[in-house]
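> Spelled out from the first residue to the last, the chains are:
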Amino acid sequence: MSDAGERSWPLWEVFGQEGDGEAHQHMGSVHACDAEQALQFARDVYARRNEAISLWVVPSAAITASTPEDMGPFFDPANDKAYRHPQFYKVPKGVKVF
Amino acid sequence: MTAPNPAFFTALARLGDDRLVLGHRTSEWCGHAPILEEDIALANIALDLIGQANLLLQHAGAVEGAGRDQDALAFLRDAMDFRNVLLCELPRGDFAVTITRHFLHGLFSVLQWEALSRSTDDTLAGIAAKALKESKYHVRHAGEWVIRLGDGTDESRRRAQDALNLLWPYTGELFMQPADEAGLVAAGLTADVSQLEPAWRAQADGVLQRATLTPPATTWMQRGGRDGRHTEHLGHMLAEMQIVARSHPGAQW
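Taken in sequence, the protein lines are chains A and B. Sequential numbering from 569 applies to the first sequence in our numbering. Sequential numbering from 11 applies to the second sequence in our numbering.
Accuracy of the hints is not assured; some may be wrong.
To be verified - Derived lysine to aspartate or glutamate pairs resembling EDC-like cross-links, with alpha carbons at most 20 Å apart:
id	chain 1	residue 1	chain 2	residue 2
1	B	Lys143	A	Asp644
2	B	Lys140	A	Glu604
3	B	Lys143	A	Glu619
4	B	Lys146	A	Asp644
5	B	Lys143	B	Asp161
Claimed, not checked - Example chain B residues on the side facing chain A (calculated, C-beta under 10 Å, incomplete):
id	residue
6	Ile45
7	Leu46
8	Glu47
9	Ile55
10	Ala89
11	Gly103
12	Val107
13	Lys146
14	Arg150
15	His151
16	Trp155
17	Glu191
18	Val195
In short, the hints are calculated from the structure, not lab data. Ideal placement from N, C-alpha and C gives every residue a C-beta, glycine not left out.
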């Protein structure tokens, strides 16, 4: 396996749906020269053992991600703001799933 | 199980041996494909084909009624007893040869499984219905590659056209209906493969045109595998495939 091929082929992120009505979850990534091939490789690499009933592939370059430096300003302030969480509400009798 | 049926045994061996031999040839790519993803894709296809062969040869052994199971048929027969077409036993060649062969044989398989899913033999009809879904994926995978290789770079186009020129004279044998299956076709057990050629050719031409590839003009076709007359390549392949089973008779794992 030459790495020349891996250098020249774009990367695609793979999302799979486990069952009807469930959200597509990130499964991993594949190298492929276009979308149809990415879908086939995703099927072979991530869905060959019944892991999914539907697949999405997205060019990795299309994803904008937060960076490790965002950790503080993005996520830390939530910890001491208890009023953002709904645990102060009483759950009515008979409600089991919410 | 009904009485032994030698003609049906041979027909099932023809079906099973195509997939066993092509599956083993495909497995030779394990660890050698151009990229990791394709390595896994080819291994999946190889396993699909060997799985089909497993079911077909198991059924063949039952129909033969001589106490041979699928392992005995796969590992203890010599080349002259195999009934696969020559197309399946040719060396794997480069990636273009492997992909073009999967495309040409896969297209044939889809048509053959469609016909056999209406077999009056329930077991064969069931195997065909299961294998049809697998073969449709093999054709999709190989067909997309044929288009990319043929309509790709100068080198990939040259290799794809060379592969087509090499393999084309071996495609005729797919559609040569064995005379000894006439009774089986009449009884609805197996399908007449000669009927499948027009649809195969039309579908092959559609993809080859998109791939800017042209089948060679030759009309002379290789034959022999369906009657046990093989190329020298099959014996070498079987020596490797069968060595473990023959060195340790009856081994369990």
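> Which of the numbered hints are not met once you compare them with the structure shown?
Hints 1, 2, 4, 5, 10, 11, 12, 13, 17 and 18 contradicted; others consistent.
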